Amino acid sequence: MQIYRSHVLICGGTGCTSSKSLLIKDEMISELKRLGIHNEVQVVMTGCFGLCEQGPIMIVYPEGTFYSKVKISDVKRIAEEHLLKGRIVKDLLYYEALEDEIVKSVEEVDFYSKQMRIALSNCGVIDPENIDEYIAFDGYQALIKALTEMNPEQVIDELKISGLRGRGGAGFPTGLKWEFAASYKDDEKYVCCNADEGDPGAFMDRSILEGTPHSVLEAMTIAGYATGANKGYIYVRAEYPIAVSRLEIAIKQAKEYGLLGDNILDTGFDFDIEIRLGAGAFVCGEETALIESIEGKRGMPRTKPPFPAEKGIWGKPTLINNVETFANIPAIILKGGKWFSSIGIPDSKGTKVFALGGKITNTGLVEIPMGTTLRQVIYDIGGGCPDNKKFKAVQTGGPSGGCLTSEHLDTPIGYDNLVKLGSMMGSGGMIVMDEDNCMVDIARYFLDFTCDESCGKCTPCREGTKRLKELLDRICTGKGTLEDLSRLEELAYYIQDNSLCNLGQSAPNPVISTLKHFRDEYLAHVIDKKCPTGVCKDLLQYFITDRCLGCGSCARVCPKDCITPTGEIISEKTGKRRFVIDNSKCIKCGACIQACPPKVSAIVRQ
Amino acid sequence: MKNVNIKINGMDFEVPSNYTVLEACKKANIDIPTLCYLKEINETGACRMCVVEVEGARSLQASCVLKVREGMNVKTNTKRVINSRTTTLELLLANHNKDCLKCNRNGKCELQDLSERFHIRDIYFDSFEKRTPHYDDSSVSIVRDQSKCILCGRCVSACQKVAGMGILTYINRGFEAVVGTGFNYKLEEAGCIYCGQCINVCPVGALKEKSHIDQVWDAINNPNVHVVVQTAPAVRASIGEEFGLEMGTRATGKMVAAIKRLGVDKVFDTNFAADLTIMEEGYELLDRIQNNGVLPMLTSCSPGWIRLIEQYYPEFIHNLSSCKSPHQMFGAIIKSYYAEKANIDPKDIFVVSVMPCSAKKSEMNRDEMEVNGLRDVDAVLTTREISNIIREAGIRFNELEDEEFDNPLGEYSGAGVIFGATGGVMEAALRTVADILENKDLDDFEYNNVRGIEGIKEASIELGGKTVNIAVAHGGENAKKLMDMIKSGEKEYHFVEIMGCSGGCVNGGGQPYVKASIRNSGVDIRLARAKALYEEDEIKQVRKSHQNKQIQLLYKEFLEKPNSHKSHELLHTHYKKQEIFPIS
Numbered sequence: 000m001q002i003y004r005s006h007v008l009i010c011g012g013t014g015c016t017s018s019k020s021l022l023i024k025d026e027m028i029s030e031l032k033r034l035g036i037h038n039e040v041q042v043v044m045t046g047c048f049g050l051c052e053q054g055p056i057m058i059v060y061p062e063g064t065f066y067s068k069v070k071i072s073d074v075k076r077i078a079e080e081h082l083l084k085g086r087i088v089k090d091l092l093y094y095e096a097l098e099d100e101i102v103k104s105v106e107e108v109d110f111y112s113k114q115m116r117i118a119l120s121n122c123g124v125i126d127p128e129n130i131d132e133y134i135a136f137d138g139y140q141a142l143i144k145a146l147t148e149m150n151p152e153q154v155i156d157e158l159k160i161s162g163l164r165g166r167g168g169a170g171f172p173t174g175l176k177w178e179f180a181a182s183y184k185d186d187e188k189y190v191c192c193n194a195d196e197g198d199p200g201a202f203m204d205r206s207i208l209e210g211t212p213h214s215v216l217e218a219m220t221i222a223g224y225a226t227g228a229n230k231g232y233i234y235v236r237a238e239y240p241i242a243v244s245r246l247e248i249a250i251k252q253a254k255e256y257g258l259l260g261d262n263i264l265d266t267g268f269d270f271d272i273e274i275r276l277g278a279g280a281f282v283c284g285e286e287t288a289l290i291e292s293i294e295g296k297r298g299m300p301r302t303k304p305p306f307p308a309e310k311g312i313w314g315k316p317t318l319i320n321n322v323e324t325f326a327n328i329p330a331i332i333l334k335g336g337k338w339f340s341s342i343g344i345p346d347s348k349g350t351k352v353f354a355l356g357g358k359i360t361n362t363g364l365v366e367i368p369m370g371t372t373l374r375q376v377i378y379d380i381g382g383g384c385p386d387n388k389k390f391k392a393v394q395t396g397g398p399s400g401g402c403l404t405s406e407h408l409d410t411p412i413g414y415d416n417l418v419k420l421g422s423m424m425g426s427g428g429m430i431v432m433d434e435d436n437c438m439v440d441i442a443r444y445f446l447d448f449t450c451d452e453s454c455g456k457c458t459p460c461r462e463g464t465k466r467l468k469e470l471l472d473r474i475c476t477g478k479g480t481l482e483d484l485s486r487l488e489e490l491a492y493y494i495q496d497n498s499l500c501n502l503g504q505s506a507p508n509p510v511i512s513t514l515k516h517f518r519d520e521y522l523a524h525v526i527d528k529k530c531p532t533g534v535c536k537d538l539l540q541y542f543i544t545d546r547c548l549g550c551g552s553c554a555r556v557c558p559k560d561c562i563t564p565t566g567e568i569i570s571e572k573t574g575k576r577r578f579v580i581d582n583s584k585c586i587k588c589g590a591c592i593q594a595c596p597p598k599v600s601a602i603v604r605q
Numbered sequence: 000m001k002n003v004n005i006k007i008n009g010m011d012f013e014v015p016s017n018y019t020v021l022e023a024c025k026k027a028n029i030d031i032p033t034l035c036y037l038k039e040i041n042e043t044g045a046c047r048m049c050v051v052e053v054e055g056a057r058s059l060q061a062s063c064v065l066k067v068r069e070g071m072n073v074k075t076n077t078k079r080v081i082n083s084r085t086t087t088l089e090l091l092l093a094n095h096n097k098d099c100l101k102c103n104r105n106g107k108c109e110l111q112d113l114s115e116r117f118h119i120r121d122i123y124f125d126s127f128e129k130r131t132p133h134y135d136d137s138s139v140s141i142v143r144d145q146s147k148c149i150l151c152g153r154c155v156s157a158c159q160k161v162a163g164m165g166i167l168t169y170i171n172r173g174f175e176a177v178v179g180t181g182f183n184y185k186l187e188e189a190g191c192i193y194c195g196q197c198i199n200v201c202p203v204g205a206l207k208e209k210s211h212i213d214q215v216w217d218a219i220n221n222p223n224v225h226v227v228v229q230t231a232p233a234v235r236a237s238i239g240e241e242f243g244l245e246m247g248t249r250a251t252g253k254m255v256a257a258i259k260r261l262g263v264d265k266v267f268d269t270n271f272a273a274d275l276t277i278m279e280e281g282y283e284l285l286d287r288i289q290n291n292g293v294l295p296m297l298t299s300c301s302p303g304w305i306r307l308i309e310q311y312y313p314e315f316i317h318n319l320s321s322c323k324s325p326h327q328m329f330g331a332i333i334k335s336y337y338a339e340k341a342n343i344d345p346k347d348i349f350v351v352s353v354m355p356c357s358a359k360k361s362e363m364n365r366d367e368m369e370v371n372g373l374r375d376v377d378a379v380l381t382t383r384e385i386s387n388i389i390r391e392a393g394i395r396f397n398e399l400e401d402e403e404f405d406n407p408l409g410e411y412s413g414a415g416v417i418f419g420a421t422g423g424v425m426e427a428a429l430r431t432v433a434d435i436l437e438n439k440d441l442d443d444f445e446y447n448n449v450r451g452i453e454g455i456k457e458a459s460i461e462l463g464g465k466t467v468n469i470a471v472a473h474g475g476e477n478a479k480k481l482m483d484m485i486k487s488g489e490k491e492y493h494f495v496e497i498m499g500c501s502g503g504c505v506n507g508g509g510q511p512y513v514k515a516s517i518r519n520s521g522v523d524i525r526l527a528r529a530k531a532l533y534e535e536d537e538i539k540q541v542r543k544s545h546q547n548k549q550i551q552l553l554y555k556e557f558l559e560k561p562n563s564h565k566s567h568e569l570l571h572t573h574y575k576k577q578e579i580f581p582i583s
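Top line first, the protein sequences correspond to chains A and B. Mapping to numbering that gives the first Met the number 0: the first sequence position 277 is 276, numbers consecutive. Mapping to numbering that gives the first Met the number 0: the second sequence position 334 is 333, numbers consecutive.
Among the hints, a few may not be true.
Unchecked claim - With the Cβ distance kept under 10 Å, some of the chain B side facing chain A (calculated, not the full set):
hint : residue
1    : LEU90
2    : ILE119
3    : TYR123
4    : GLU128
5    : PRO132
6    : GLY152
7    : ILE170
8    : PHE174
No lab work stands behind these hints: they were computed from the structure. Values in this document were obtained by computation on a predicted structure and should not be read as measured data. Glycine included, every Cβ here is placed at the ideal spot set by N, Cα and C.
Working from the sequences, and respecting the hints, build out all of it.
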């Protein structure tokens, strides 16, 4: 085996790849060759590091030097200075990795030091397209242990002890789910991995599949063994081409190594995995709609019961788990359920991956132990709101989740805690809003999404979410009445109570939670016809104050010609008149504000 | 089946464990409202009208798909439940074209019934956006009006499971979702066979047949036009339902009396032509068997089936009997033989076929269905349409004394009557063919093994020393199953009867609407109506087509013999391959 003195890890996740990280990798290899050190330094393409905001990311070991926002033109310097001469290129470091001229390693920066990685443990560490690297990091040890030292009941018991709950949204205890699936006897049974990640801004499943595809294959095979299934499906969106290609490579390699396919590890156990591509409907993340889609039908949810554990794919008992759930399982089998359950809080064990987004400094993926508070995630890891803006709310659980306020920031993150506050864990979206966000507009934004993604099968979701959205439209444009507001609330609870599947049942959550915590903003829109944050354009009015010098710059740029001189003469000398805006014609484009000379600043928006 | 104990509104009930909550409530004499639910056909829980409160469940549950459990505690009339149902209705109504007074379902609409039951008086969202309306009357048989559709999915399931065709499906998502065809092709080009099972199950006016009522009134009111009406066998078995009579009531005499009172000139029975069909088809079969013709011979009376074979099994077109369907034959005879006898210029005759069928409207429009430039049939009315006309004319159907069909073309055999049920054409043909081959009047002529609603029925019958293998299928799914077996060579038959609709014509797409509440009560419409036909067969003196005196006279005076040159000119036709999803 070749020994290298240095390793250069370059992120090959979707984010960094789109910023040309693969070209950076090629450039690095050719630079190393040019310098004649290509036998001393190994370049590895890894999965996602999580801090996508700062990509493309390059880490150099053994130092753990953290270069961020690397450009192709930077590669030559890093190769010559750092890799050849051993001098870290300080101006290319991640800003937090350099404090008082002291270089911090990647493990020492706040973003990583406060995380705990189980599901993501291999992401950004190994080459996902090389099974040997996975094996070198204990890969497939759990499968070997399960197949050779444990019977199916013991595997399920270990999961039950671990306290692992589904990471896809509902948080159903995984061990129990496996037990149900195992209890139904049939000649054909299936294991299915739900990789139909659909929450806007969430990409933990994609990162796992891109960064450590074998973890999922290994866990699915263990699940097949535990539940008595010999066939697995991975349902993954076609918009995840890198994840799909790495899965395909991983399946091929696992089969070559005898870790997948017939007679795995000579134990007589057969398990095969097939990839099914989804066309991107959000509702296909709902397990019964996903099953319909796998069967080649239109993705529309079925009624439950029967649950998939009894009648799933092709009407056969089926175990469906989410990607992140599976990614936790090899570690649980290897280190024991007890170890896993020692992490977290009573009802929520282990870690959870969140996709931090919105008004937050460090956008990206973080994995934290359950029980970490929202404040720790948003401020200590996420760096708080940028530009010193005031934090206003955080939306957890994606479009189906709810908004929480600053008074909830010290809540330890866990399934039950979030539900108690009117939100949910969901698949782990975490969108931060600051003082500039209008909460009515936010509710409308999420409703717009669920309304679009409703499959149209049941009345409450098909017709109801549309009406919710129309009511919000009325409110945001100043046409809302108090009756509209009470209808909005009634309808939201009706949809929650009557919809067929979880998409509809949770679609009103953004409305319900914002009504609960930000009712004054709704009332401002409805009664005062004002949007406190100025986001809802239709509620804005533009005025020209007496600072106006009558230059007419604003009138010249106004696309609607609604700014005209008044009779009020400002200067006897020039005869210039003050201008006025006809708000009945104004389209609130803001061009006049831009045009008004900064020194004058006579135009205000209220 | 073991029983379970459940509580409904605080009262204890014991019901079989395979019951749904909906069924259990019905047993407790509580009628839960439903819209999308059709037992065994559409069990999707989609409309949410039937929600109930179940102790322990977080949200309301759709009772139509929820099985009872021991100890279950159900509440059906709490404020939460009633408010939910009302809101569901209001949401549906807000997106529904409420031109009820002008709707063909006015008074027969399940949504209207519910709106009345829940006394909807105000619809908050009425002024909000409506679904983009789409009105498709491109087909000559079936009209679709999206502005009325409530997305219950009953037509989609009926097309899939009753018709076995799968032409209708959901397209688009969410609020934009509509029921449509693949790639939004016109029905004409989307593989539809016009069986009309979708119309039969639609709770509202989103699906209907293309109306010929105006043309018929115009003809009746034109003194220069001689209007001849013929009624198909299956109509008499169902028309009573339109006037409140029990399903399966035979209303032949009242129907004739009512139609006569509309002011038409003659009322004949398509059964006469059914007998004629048997003569032509029977001899065609004999000829094919005896002279190594193309076998199996396939029946050709059902225009739904004809559209199916032309679109899906064009390679079997030569297996189809060349006989026109009975009412088309009759049209041709009326405009030739009858015109001559009655001394009327055939150009002045207007033939109206009263049919249980939506596909007949397409059949009468086929290019082939004319002789010497004269259309065989000028209008097709469904059972529903003729009933509307009778009501419009103010005729008190139930009070009418029975009357007879007109002559000379009003006589028919029992064999003709049973055409309306699956297996009927086969049985009628066997009655005649057996007599011809044995050269005697056989006493044993009831072929029970081809009766009933089993999907595919098979039999081997000894006829004149030869074993004849026959099969009967009904509904698109069984038809396709049988054709696939014939295609693969798995099965070999001499004669095969196929009907486009499940159960045959008694369950055709032009038959009276049967509300979901009745469909779900366990009654089999197909069997109930077929019973009326077999009853009429039993009381007929003449029960074999070739023994129909007027048929014998028709051959003697006019056609000479079955499959004669003249017969071919008037009574036979040809078929051609039809393209599905053509790329233009």
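Legend entry - Which numbered hints fail: 2 and 5
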